[in-house]
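**Student:** One line per chain: the protein sequences are W and D, in this order.
Quick note on the working numbering: the first sequence kicks off at 1 and runs consecutively.
Quick note on the working numbering: the second sequence kicks off at 1001 and runs consecutively.
Think of the hints as simulated: they come from the structure by calculation, not from any bench.
Across the chosen pairs, the derived CB separations fall in these ranges: (1) W:T495 <-> D:Q1114: 52 to 60 angstroms; (2) D:Q1059 <-> W:A289: 37 to 45 angstroms; (3) D:G1156 <-> W:T288: 44 to 52 angstroms; (4) W:Q32 <-> D:Q1059: 26 to 34 angstroms; (5) W:Q32 <-> D:R1123: 40 to 48 angstroms; (6) D:Q1114 <-> W:D290: 34 to 42 angstroms; (7) W:T495 <-> D:S1019: 49 to 57 angstroms; (8) W:A342 <-> D:R1123: 48 to 56 angstroms.
As the structure is a computational prediction, the values presented were derived from the model and not from experiment.
Beta carbons: idealized from backbone N, C-alpha and C, even for Gly.
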Amino acid sequence: MGNTSRWLDVEVGADDTNLNTLPSNVVTVDLQNDNEFKLLIGDLGRGDEPSKLKVYKGAIQTADMVLPDVPLGVVGFYSSDTVPPPFPNIAVGFSSCVYIYRNMKLFYKYYLPTLELNTVEMDIWKQLIDTKNHELKIISSLTDNLKSMPYQYLSSQSQRFLSLNPDQQLEYLQQSPKPLVHKLAEVTCLATLRMNSVERFAVSCLIVGTEDGDVIVLDPQTFTQLHQAKLENNKVPFQMVTTGLYQVDYRIVVATREKSVCLLKREWKEGRILFNTDEHIIAIEVMTADNSVMVICTDNTMTCYSRKGKKQWSIQLEHRPVSMTSLGVMHLGAVLTGVALASGHLQLYHGKARQDTVFIRDVASVVKFGQLGQEEHVLMIVTASGNLMLKILNRTADFNSPAAGAEAARGAGRPWLIPNKSKLFLEQAKRERDSAIQMHEKFQGELARLRLTAAKALLDAYSKSDNNIGKGALEPIRLSAEVEGLGPVFRVTLTVQNTAADRAVVGLAILFHVHNAAYKVHNPYIKIPLLSPSSSLHFPTKVEEIFEGDFHPDVLFRSVSGQGGARSLVKILLLKDGNRSPALAATLQMPPTDPLMLPQPITDDTHNFALVADLYERYKILLLKAGGRSPALAATLQMPPTDPLMLPQPITDDTRNFA
Amino acid sequence: MGLLEKLSLWLGGGAREVSVVVLGLDNSGKSSLLRALHPPPRTPAAEEPPPPPTVGTRQDHFTAGGVSFSAVEVGGGRRHRALWERHYRAADALIYVVDAADPLRLVVSRSELQLVLAAGGARRVPLLVLANKSDRPDALHHLQVAQALSLEQVQGVPWHICAASAASGAGLAEGVAWLARELRTTHASRKGQH
Ligand SMILES: Nc1nc2c(ncn2[C@@H]2O[C@H](COP(=O)(O)OP(=O)(O)O)[C@@H](O)[C@H]2O)c(=O)[nH]1
Ligand SMILES: [Mg+2]
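Chain W on its own, in the form it takes in the complex (with noise of 0.2 angstroms):
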């Protein structure tokens, strides 16, 4: 199949769909419990349009719902384990807080908690209200007393504060704000996380990440608080992936905003950071498979990190990198990694050797896969200028052979995996060095047993070689041999060819030669008339295999499909007068005579006779002369299976025991 036909491109009518979001507030619900995906957006808006919450069946926009402020992610999870499942949660952050939607309707309003502020800054604000500060210069020393604080840790009316211009500070001031008390904290991502099982309907916890770098764990009923860590350093998370389960182990990689990303595991109060980045993070993705990083940063890389932290490899991308997704084909058995690229591309990468290339046509801001609607593998693509693209993986796509202008993965850069030298190794070696003289002793001599085995077999295989087309002038002259017959006597036909285009041969003949004791040749030696060119001739002669009057009963238990060994070898040889030397010889296997076939006179004393019965599946049955040591006549029989009608059963007259 070629590189366009792996997707399917799905005809997106409308071209009113004017979206405008980000990867976080993109995901795909089965929002009916249906099987049917829905692909929600949380859409930021734009200009005079409200923020929205928009659903899609498919490229249709079914349903929309006007949201109080900018979304800063959606999530969707189910919150009880019930039967049947009860349709599933959308949660949607807002600044400071997280909107739970069931059904499409506003359900819980959870409120991050609030935080103590600074004293200083406090203090600070005690001062601004105060009317009689309510002079430029003053209130310009309040602010560089305020600037002068770590920004990140300001609330975020000092934040506003600082944003304004002199003459916008003192208007602000003179509508008498309230003294400030707290802080508000602002969510930045939101995620969710298994709680005890990984089947479709099980229960998630929802996770909040916020602007004060912590990240907290809520029930999925109550939404109160299970877990709360902070971030090394207090870094600001902005996208959190989960593996694994609550309750038993999990692990949250956090990407933050400071080019690190960081690590949270069971029962830890702080995320450690896993690594750091050279330049700023756009996304990341979580292997399943190995629990490693990938990470995208604005350098234009595209980086791999061990479960550890540990860098494996980078690749430098063509341009630069704007969302990233993982792409689970599941009958392929292989994780893909999607990056869509500013110039309008989206490549897809298998580790770091890329697969595939798809053209977009449009830069892309979200790309996406999994399932939509009924179908698994669908790639969803929100371009920059509004347009959602949905591309299906073909049932017949395969990634095996990279299309064009994909390259191989390199190696370079890696170091050579060297195992450890392991005590099995130190021990052969000090073994070596110990005993070296009996070791070298000990293998010559296996060397020279080896050599003497291998001498032999080629003595072996020379002796009964095939040599039965003729060299030298003989060359065009074929002789081949026929046995046919259950035996002693076998029929042996030789058929002596003469495949010379134009030349006749005279004067040859046929010589048998048989270990005397075992066969009988009724003519031993042929004299072969004229072969003229491109002809043949067969000669066909009786073979006897001779046996003593007592032969040995393995005879009768040779099987009869088999070679009859050793002793069954002829040899035939072709003569030519005026030669010494034979002009081709040739090597007969006869076959072993059928044990029913054996020529033994019967005998009419039947009292002698008794049947021997073996255990096997068949009954052999031997005929036994009393006095001789061997069977007289050997037979074979299948005994079919009895009728199970036909058991004796005992009779009983109790009639009662009928049925």
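Given the coordinates of chain W, work out where chain D with the ligands should sit on it, guided by the hints.
**Tutor:** Chain D with the ligands only, in chain W's frame:
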């Protein structure tokens, strides 16, 4: 009397085996349509729960008016679609079921139909496309479905599309009547050749 029995009458009886293969993506309504075409004698169709999703293949053999039908429904799941071609090659007619209320997967349906037709080679087996679930308000018009499936590009195969609903039974008579006509003409022309 079910419509397939009528089809057999239209075909003019005669102990002939007509094997109709019913294909379509999962959840398109193949099982429901077969049930509507050949209602089981026990309970009225309306009272029955929807059929469970078909795994693998489900065969329905029955004789009607001297014509014996074997309707094969092949599961529409991703894994089973590879089996479609084999059943198609052995069939006398193909009923292709499309969920007209699922515009997202029309493109998948088109790709699978093209694959199966390509596998049939030079066979001129009539193709009846049923734009099912037309009773649903969000269902596309059957001509839109025809366009989305690129039926105009189907060559060498007599085809027909009609809106249908397994739920209400609408459109089935039209489709089956067309199929009967097609089968009769191919049958007659085959007879003429002999
Ligand atoms: N509204 C409506 N629903 C239908 C129709 N045909 C099938 N369905 C529903 O679609 C679902 C799948 O039907 P099924 O026959 O199992 O599809 P299959 O997988 O193709 O065999 C079931 O829930 C049916 O009730 C129809 O014509 N109209
Ligand atoms: Mg079915």
